[in-house]
Amino acid sequence: MSIDNQESIKKKEKSAMLMSALMMGLGQVYNKYLLKGIVFFLVEILFICNFKSIFTRLKGLITLGDTPQKMMGFKIVQGDHSIFMMVDGTIALILTLIFIGIYLFNIYDAKKSCTQKKEKNLKKYLYNVYDKNFIKIMLLPGTIAMIFFVILPILITVLVAFTNYSSPNHIPPRNLVDWVGFQNFVNIVKMNIWSDTFINLAIWTIIWAIASTALNYGCGLLLALLTSRNDIKFKGLWRTIYILPYAIPAFVSLLVFRLMFSGVGPINNLLVHMGLERLPFFTDALMAKVMLILINTWLGAPYFMILISGALTNIDSSLYEAARIDGATKWQQFREITLPMLLLQTAPVLILSFAFNFNNFSAIYLLTGGGPINSSYRYAGSTDILITWVYKLTKEQSQYQIASVISIILFIFIASISTWNFIRSKSFKEDE
Amino acid sequence: MNGKISKYIEKFIVYGLLIIVALMVILPVIWIVISSLQEGNSLFSSSFIPKKLTFKHYQALFKETDFLLWYWNTFKIAVANMIISLIITTLTAYIFSRYNFRGKKTTLITILVLQMFPSFLAMTAIFILLSKLNLLDTHLGLILVYSAGQIPYNAWLVKGYFDGIPKTLDEAARVDGAGHMTIFIKIIMPLAKPILVLIAITNFMGPWFDFIFPNLILRSQEKRTLAMGIFDWIQTGANDNFTMFAAGSILVAVPITILFLILQKHIVKGLSAGAVKG
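Chains as they are written, first to last, in our numbering: chain W, 1 to 432; chain U, 1 to 278.
The shape of chain U in the complex, shown without the other chains (with noise of 0.2 Å):
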């Protein structure tokens, strides 16, 4: 009998966290939903149950900014650096976990030095080398800083995964007479999916949210990417600007967190498998 109360007790317990915790996650996000369908645009009049609910909003944000043309710039940046990425880095993590030359442990120490040091600590230098290659306020300038900058950090966790792959494989192809680039493509390539959503994904989002590198390069206003105006509107005016990045920020997490869930398992397994072997 009181094994059973305490039983009860427990499910309540559990039940009880799980709820308040789900609240504690869930509130901000129903709170910026309902702000974007609410009347006004003020953060003063925001509070979490609405009067009336519009879209005029998202209407405003189409015809009245920027903001497609943010979207579509965005778009093209990520779309670009994850493919250069990728490419890149599957091939430096080839290489670092497959063959063995002079040089090789010194290199890569060198670049999990280099990956601790935050890229926009040089912030600085990298505007000067990019004045210099005539390549400020473009988006090429963007793309070379992101894709150059993830290299260090993204090539040792594929050259983890890389590893758990069997040399076997490889051996056994080159018997039969497969090239270094054969192997790569028909044997690594299709078992490493994991590692590689996960760096597609990582390199594809990074440009969603990143404000430092854009505000650092690009001045044109037609040039601008998303995360670069929707903070703009809260530094130059919370208070008046507010549903209008509720609204924005909504339609830039939403795909984004989607695209996220529907990849939830090749990410967590990516994740696990690079961050155990570490």
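Chain W extracted, bound-state conformation (with noise of 0.2 Å):
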């Protein structure tokens, strides 16, 4: 009797797939899932009508259009344009895998309304849909928002590297842009101008943000120190003053520090009325780089107090004591104490500080705009890093294709630095 029962049970599934699979919903209603077939369906017919379109559109991303844009005599008769026929393309082969994924579900979901029993109220029916499927429904406004405002941007950007897209002779709507494969990732490296760029920016990145990273730290370190001990007067308003350029929106410091060490401004001013000369504060391509940093060390250094204020109070004061005994001075306390137990807790913050100063535009692009101008760099200033250097490719010299190859090496760069960091945190192992 029961093998007899589970053979039709199989039956019944093997059929009500079969029906979904041929057209979709049709296993459900089969099954006596009314509405449920009836969405199932709707998406289908949704899809089917579209599929021309779709259809077309897949194949754009494919050619990215085969007729330039002509004259006719005065008048100008516009041809295909690449860029967008990419972005379509990509938007279509998402819709497409999306339903090919309601399809498959379409399908999975037809064996399981064989078994499952129906619940008859409507009220109730719908209510448990929400709650089976809470985590979906939930997730859905943020996954929408990130596939359209967040993956679809990215994979555009990576699409971009392999193309020809820049200026001047490949800007739509005039000309057309074509697949070049690999060619800018090899010209980045072999061709000169491009390379000798791309190496020298990298290692002041590097440098950049080593040393942003160090001082920002250290000094941070330092404040923490002193506002911790115990033996000073007004505590919290020393705190309240060394916190203030964290809290000032760091915009605005930006461009006063720009103002200020200008060529005409109050720091020079001052230089000049005690009988000195000017200084090339952001003019001189060292002297900037250094000004940089150290002004970077003003914004950063706040942040790191806190964190480390709060690190310091962690460690257990037991240690010290015994530390005492044995008689070790103050600085061996510090040196075999308080340095390791804080590096351990704060590594993972260092090492995000790190990749966080790496692409710190707004720090370069606010103070120096990448000034002072190199001639030996393409399109690049002396202090500019990587990432300004992209900015200024992308906006001001409509390079996009090499543009998009650094985009893609710096994300590659940051991107392996910072999973293994997480990976190693407590947080992501817990979950295992």
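Derived by calculation from the structure, the hints in this document are not laboratory data. A couple of the hints might just be wrong.
Looking from chain U toward chain W, a few residues come up when the C-beta cut is under 8 Å (computed) [what the hints assert, rightly or not]:
id	residue
1	Ser6
2	Ile9
3	Ile13
4	Leu17
5	Ile20
6	Val21
7	Ala22
8	Leu91
Backbone N, C-alpha and C define an ideal beta-carbon position, used for all residues, glycine too.
Combine the two chains into a complex, taking the hints into account.
The following block contains the structure:
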């Protein structure tokens, strides 16, 4: 009896799956899930109705257009806009993948609906649907937003790296853009004008990120140690003052510093007043670099002060007592207890801070704008880091293809560091 | 005796350092405040000791420029961004913290990696996308870009915090018959206040400083945001617009700074909790 029953269920499942595979929702209707069946069916109708346009768009993604813009007498005849076709094609691709996902789910659901007990009451039924699919429903807004405003733009940026989309000869709608494979990646390594700029900027970017992080941490540590001493007065006041740079919008303070140290700014006026020469704070390459790092310390140290102050209170005070009994000096206590304990606690943040400074666009762009001009670089100044170079290549020079290649390189570099950092961190391991 | 002297020297050094650092922090602040009050409007004539103080730059700001309009635009965008971001982020984080489903780990890693991609590197693509959606030169377009772009980073941060709230609380509530949403609103949310404040604040503050996306998306004069307008003053003539800039940036910085200092405790708590758990 039970074997018979099982076999009949298996048969039923098979036919339901087959029905749903042929026509979405049919298997569900067969199992008397009318509403669900209709919804699935509507999805299929929607896809079939748009099939032609989806197909042309997918084709467009491959060809990127073949009719260039032409002049007929004095009239311009619009040709294909390659970049729009690329975006349309990518969207069509994503929609197709989503449809395939729904289609497969529809077959799986048809099988499941054979053994499920059906709730007759519609209100209760809908509540059950909500209850069972709570995860999916709640993740929906975030997922849609991310697909269209995060993933899609990144995808297109990556795709552009494999085209010749750049000024002056490949800017739609005037011209067509074509796929060029890995040519841009080869160019950035082999073409001297690109590779020289890239390597020099990469070296400066790394120096900048390491020096900024180290100085931020060092000064933050100093401030934290100073303000956590028990023998100073007005502890709260000092701390509030030192937090100020973190509280003031960085956008404003960076512009203030830019003016303060500019050629005609007050610092230089003061120097002249004292009978000294004006200093080229932001116009001499080396000096500008030093200034950038120092000003960035002004901005970044308070964050570490806050963090380290918290971490200091986490260190077990009995450790210090034991050390004192053993006759350790203050310096020894600091070196053997405080520093290692702090580094252990703050290591992840240190790495994140490096990643942040590596791509610290606003510090560079608002202070020097990448200047002073460096004629041996292509479209970059002496203090440009990679990310500000990408910005200039995109915004000012329309060299989208190279900008995309560098974006990809930056992304891979930062992503691997941070991912490694996260995977060894606690909150991820707890999920195992 | 010797010990006493060395103690005095130590104290002297400590207070010396405290004062020097405090001066370095405060001097630029004082300079810009004084600058906004001085006569004339050029950077060249600015100094640390002004001859005469005046409020005319503040008056000019409201009478002669669109400053107030920019302020209102930015405020609207900031509030909308804060609300939308808070809802999407906490819901996403709640699911990732409390539920298990197939592909959870892959999704988490994907979000983590996406978070590393500075969103403005994809600005060309975002521009084209918004033009396709007819959202160029609209505040809605800007809000959508902001609130979608913050999800990856903040979802991780909030998830880390939610993980620290004991799961036994949920289970107890579930036994009492509470549904998914009830647990989220009545149990998780009240316990996660510090991180919620942090998320709200950072999302509220973001639009006040960002000049990249407004420059990319907005065109019309009357839709501009503050950061965009102020940055434009500096770009087009730092010397002539200097005192205007000083007054304008003070009016931006003061409310934000005060807000930050008031909520300091929450922010610090959220920050260190998120960072240490990271």
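Tested hints:
Residue-level restraint check for U/Ser6 is violated (minimum Cβ-Cβ distance to chain W is 11 Å; threshold 8 Å). Because the closest C-beta pair between U/Ile9 and chain W is about 13 Å apart, greater than 8 Å, the hint is violated. Proximity of U/Ile13 to chain W is violated relative to the hint, the smallest CB-CB distance being about 10 Å (cut-off 8 Å). Satisfaction of the interface hint for U/Leu17 is found here, the shortest Cβ-Cβ separation to chain W being roughly 6 Å, below the 8 Å cut-off.
This hint is violated: U/Ile20 has a C-beta 11 Å from the nearest C-beta of chain W, more than the 8 Å allowed. Checking U/Val21 against chain W by beta carbon gives a least distance of about 7 Å; that is within 8 Å, so the hint holds. The closest approach between the C-beta of U/Ala22 and any C-beta of chain W is roughly 5 Å, which is under the 8 Å cut-off, so the hint is satisfied. At a threshold of 8 Å, the smallest CB-CB gap from U/Leu91 to chain W is about 5 Å, leaving the interface hint in force.
Comparing the model with each numbered hint stated earlier shows that hints 1, 2, 3, 5 do not hold.
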